Each structure stands twice: as structure tokens, then as C-alpha cells.
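Asks: In the order they appear, the protein sequences are chains A and B. Note that the first sequence covers residues 14 to 353 in our numbering. Note that the second sequence covers residues 14 to 353 in our numbering.
Treat the hints with care, as some may be off.
All copies of an identical chain are treated as equivalent in the list; a pair is satisfied when it fits inside any one copy or across any two copies.
Derived SDA-like pairs (lysine to any residue); straight-line CA-CA distance at most 25 Å [what the hints assert, rightly or not]: (1) 77 with 229; (2) 26 with 237; (3) 17 with 158; (4) 26 with 259; (5) 77 with 145; (6) 77 with 338; (7) 17 with 62.
These are calculated hints, taken from the structure and not from any lab test. Note that this is a predicted model, so its numbers are computed, not measured.
Number of protein chains: 2
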Amino acid sequence: MAEKRVTLADVAKRAGLSTSAASMILNGRPDTRLSQDAHDRVNAAARELGYRPNVAARGLRTDKTATIGFVSDLVATTRFASGLIKGALEAAEEAGHVVLVMETEGDTRREEEAIAALLDRQVDGVIFATMRARELFIPELPTGTHAVILNGTNALYPTSVLPAEDEGGRAAVELLVAYGHREGIALIGQSDEAERDTFRSATVAARVAGIRSAMSSHDLTFVAEESIWLWEPEHGYEATARLIAERDDIRALICMNDRLAFGAYQALAEAGLRVPDDVSIVSFDNDEIAAYLRPGLTTVALPHEAMGRRAVELLLGGGSAVAHYIPMPVVERASIAAPR
Amino acid sequence: MAEKRVTLADVAKRAGLSTSAASMILNGRPDTRLSQDAHDRVNAAARELGYRPNVAARGLRTDKTATIGFVSDLVATTRFASGLIKGALEAAEEAGHVVLVMETEGDTRREEEAIAALLDRQVDGVIFATMRARELFIPELPTGTHAVILNGTNALYPTSVLPAEDEGGRAAVELLVAYGHREGIALIGQSDEAERDTFRSATVAARVAGIRSAMSSHDLTFVAEESIWLWEPEHGYEATARLIAERDDIRALICMNDRLAFGAYQALAEAGLRVPDDVSIVSFDNDEIAAYLRPGLTTVALPHEAMGRRAVELLLGGGSAVAHYIPMPVVERASIAAPR
DNA sequence: TCTTGGTGCTAAATGGATTTAGCAAGCCCC
DNA sequence: GGGGCTTGCTAAATCCATTTAGCACCAAGA
């Protein structure tokens, strides 16, 4: 049964011309001297037959496949990862490209295999995404392969896309300041001590730097800093519970991410403290849960989709080989009020 | 610079044989009469040169590309979607395939374009995933194209993968029963009235059917059913708040999904009711938030990854053309206790 | 009349594999 | 010594498009 696909030869035959002529016309080559009549006949034939070029055959000659590779350490674990993918998918679609997605879980062997599989398919470029946002290991790529690093950096491939964490960190502080907070502000998730360590990702360091720079430019200091390594709700819960058990002057919390903030909500509720009347909270990421919380959590968003988008734009458009910073939008909900 | 890729011709030359011989040997064709010596020389040459076949060139002849298409209405919105993708990616990798991911947002035009783009690239098969889980529209595919429907059904393509919702629904009731609940059980999210409507997805209908069948087999009835169309936390909050304002005999809640349960937690907490001491809760999906809640939410999980996995196994292995049901694992946390 | 130049188009090579048809050499057997 | 059979391998076609080189024709100029 299987109706055969229509090939360029079919189109050429129907137009009464050679495949060379058909190819040139369909590709809109400028210097061609083919008659208007030939153009019309080929275009009509292609339309009537529903001709679509075979990408593999074309790629064989041109080395272009309109396909890009997206290799990520994680794809399903965080909303961040899928946001990056979604953004990349959209931008790729707009540019008439498709994307091969691969997950490596950070395993070097799988990374190498992923690259090999992509190269076997002659992808036009590859995006390396990481959820850990640090100096990223990348297996050697053949000279000339385009690559952009998403949410991380790599010395060999300087084109990268990162969230503008510094600015974002500052924005969080500014939100609190705008509501009149000056005292009793605590930081949950980070501390000077932790910063000295290089374990944390580079982007987190920038976030903290932004926070501290805004604090000091307003002449403010934290009344407490709760350092935590893992940033899950339970850790936010514990840190906040500990904090409010120790002191009663806490008026505002800056949480390093929304999951910590979630835990903070729980600890506050158990202690009979209300958000935002008793304690204001501002946080980072704009996780799904930020919208689910009551009251809604005001947070500085990680611009997932915009980042994914920009990565493919840079890959395809050949943007400059530097780090590109994507603004982190403030998402205001209801977790900040003026201090009483 | 750009070092040229090693081709089969390079391997053949180094082995002192023809490309035909090299091809047959590397593909391990059984009927070949080539000498052991020839085998050794070709294999050695391939290894030494690091030869990898060009997939496009091979696909041109064989019509196999070791590539599968994954077209989904949504990719980033829910954890469910990315779980399906992750499962598919893993199974594909194990089978030596790669996957082209496309998002359509349910738009017919984009679906058609996605299919066309996949066909242009000669994919070996296509997985159609939907987050809405209903009869799925699928643009016409050339005869012979393999397809499996993930989380939905389609009359033309009977091979599909669905969660075993019926069984899952029953499991939720059994959990409550096992703890001794017999009275004051309410259902949040669904009602007889809503079921009559066909708007809801087929899988939800099965979930409800399972719940009702288990209830009646234990001679139990719901003391209340709160019908809701949208299943976000706020709706769960409102429904639960309404319910406990009206009556004080509620001892257990079956929520149609975790987000509703999240809302229920909030309403209960505001009313000074404790989970699970005052009210037990069981729910569905095993969303991220189920683990974040305090106490942890006991829920019947949607088996995302297993479903994605199975879909590619069926696609590649040619499983039988029927609906395949994947068990929904019970994830016990701490939201159920014996009634007081 | 012959060259030159432009116009409109095509033949053939190319990319990198797979696959079919078949060649050459050696051996056996009558 | 000639036919037939293995054995071990290769030439060439094929998949489908792109691209280079160049053919055939006509008109204009010398």
C-alpha cells in the first residue's frame, strides 16, 4: 500500500524539466537564468503533488539538517528544565528547525554518547543545558560545531545564556524596601560561610551578591542568616522554625528559592504567624508552588522559557560569543505587606 | 581545520577491501561468505579510525533513522508531561534511538506541521502524547507509519498507553478502608452530575468508576460530593472550606488530584482541623507538591515515566494494537490515620 | 562567414551508506 | 578437460537532493 513519497524527480517530470532546474527553482537561487514559465511550472507541480524535500538527502549534500540537539543533565525533575526545553522548542519551530532532546543525568559516558548520536545525525548545532549551573564539562566537539551553554558556562564554548541573577537578587531586596521594611529581615538558605565554599553554583553566588549589594546600598543588614545546603521545603521549614523560636523580631524573610519559602510558610503557620501581616516573604524562581500558596508568594522568576528561546536564537543566529543575561521578572503576588 | 568525518570508504581502504565488504561486515550480515581475516581487518580498521556511520546516508537507503518523534500538546506545563518525555527518552536511549520532541499546544495546524517535519526526517515512528487524555485528533499519516498514543486514544491508531485508573481509583478507597474509615468520607472534585457530561477526559471517568466500585463493594457511600471543573489548589480550598462550614462529620477526603488536596490542606488548617488526626486525605497523581506538604500526602501516582517508557517499547517492539494499562503505584506518606 | 556572448536549460558528479548481481579462482568429478 | 559448485570478494545501482560544468541555440557584431 504505502504510497511513495513524492520526490524532486516527480516534480521535475511533471513540470517537464530536469531535477536540476526544479531544485534551483524551489530553493529560490538568485543567479539562475531559468524562465518565468519554468518557475511557474515547477512551483505548480510541487504544490499539486504536495512535494516536501527529504531532509536526509538534502543534508547529505549540504550538511544542514535543520535539526538541533538539546542535551541536558536533567529533563523531568524540575519545572526549570522543561521550561528551558519549551522555550527552545518554540524558537526552533519558528526558525523551521526541530530539536533532538537528550538526557544525560550528568554522566560523562552518557554525555559522550549523546554527542556522538547527535553528530551521527549531522545536527546544525547543540545546546548544553544544565540544572546545576556551573562550569560544565563538555566532551570534545569537532571543530566548527556550534554550541551554546544554557544555564552554565564553559571555557571552550563561551556563548552562554544565564539568568541575570545579580539584578534579580537586588530586585528582591528592593521589593521589601518599597514596602518600608528596614528591620528584622532574615535570609534563608545562604550565609557568608556557605558562599566561601565553591560548591554552590555560580548563579547562586550572583544572586547572593545582588542581594547583599542592594542591602548595603540601603544601609541594611540581616538580623539573621540561616545557611542551608539543601533547598527543599523541609529545610525551609526547619530553618524558619529554628529562627522564630530564637527571636521574635523577624519581620521579613528573603528565601533563596520558592521551595524554601514553602517550608517557611508552614513553619510560620504552625507558630501562628501570618503572611504577610506578621512576616513578609520574598523569594526566587517562580516555581509552580508560588502560585499555589496562600497568600500567593511574591517571587523573582527564573526566566526559563526566555532562556531556552535565546539559546536557540544564538545558536542559529550566531550571536556573539559571550554570556547573555536574561532578566528575571518580578512576579508580585501577596506575600509582602508593610511592617506593622 | 574541520577534520572530516571518517566514512565507510576510509575504513574499507584501510582494511584493503571494498566498501561493500566493509558494510556487510560492520552490519553483521549472516549469509555473507567473507573470510574471518576480512572480518578482523574491517573491525580493526573501524575501531582504529573511530568510524561511525552517517545516519542520514544510511536512512536514505534503508528508510530507518533510529529516530522517533514525540509530539505532545504540552511539554512544560505539567510534571506529568516531562515525566512522559523522560521515560520515553530513557527507553529510546536503551534501544539506540533518539527522539525529536515537538509541542503543539493542541493546535491542529501545529500538529500537522509537526507531523510533516517528522516525516521529512523519516522518523521510524511517532508517539502522540496528550495531557488531556481524550479521543485525540491525529492528522493523517502515510500508511505504514507506526504510531502509539500516549495518555489518550484514537480510533485509527489503536496502540495506546494509559494509566490503570480504574484500579487506581479502587486503591485510593482501599487505603481509607484499611485504616478503618467507613463514615464521613467526602469526594472532592467529581460528582455524578459532572460524570454525565462527556467533557472530562476518559481517564478521569475510569478513576471515578474505580472509586465508586470500591465504595459500593464495601457498602460505603459518600456523605458529600463537591463537584469542581477546574482542579487547582484554590478550587480545592473553596470546596473544602464550603464543605466543612456546612457539616462537621467529615473524617476523610478523597481528592481527585493533589492540587485539590493542597487546597484542602489549606482550608483545613484555617479551620483548625489537623491532617490526618481530624481528617484523613488521599489523592491522585503524586505531584511534586505531594511530598512538600506537611504531613506528606498519600496519593495514587500517575506512572509518568513508566508510561513514556512503554510507549517507545511498543513503538519499537511492535506491541499489540490495543490499549496498554500501566499500574498506578500507591505512594503512602502520612495523610491517613484511623478515624477517632 | 565566423566569432562572441547571452540565454535557458541539462548531464553528471556528489554526499555516504546499503544491496544486488555477478566475476574470478579453485576444487571436484566424471 | 569441461561442466558445475563453492568461496571470497567487488562493481555498480540505488536512495534523493544539490551543484558544477557545460551543451545547444540564437542574435549581434566584425
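Asks: Tell me, in ascending order, the numbers of any earlier hints that this structure violates.
Replies: 1, 2, 4, 5, 6
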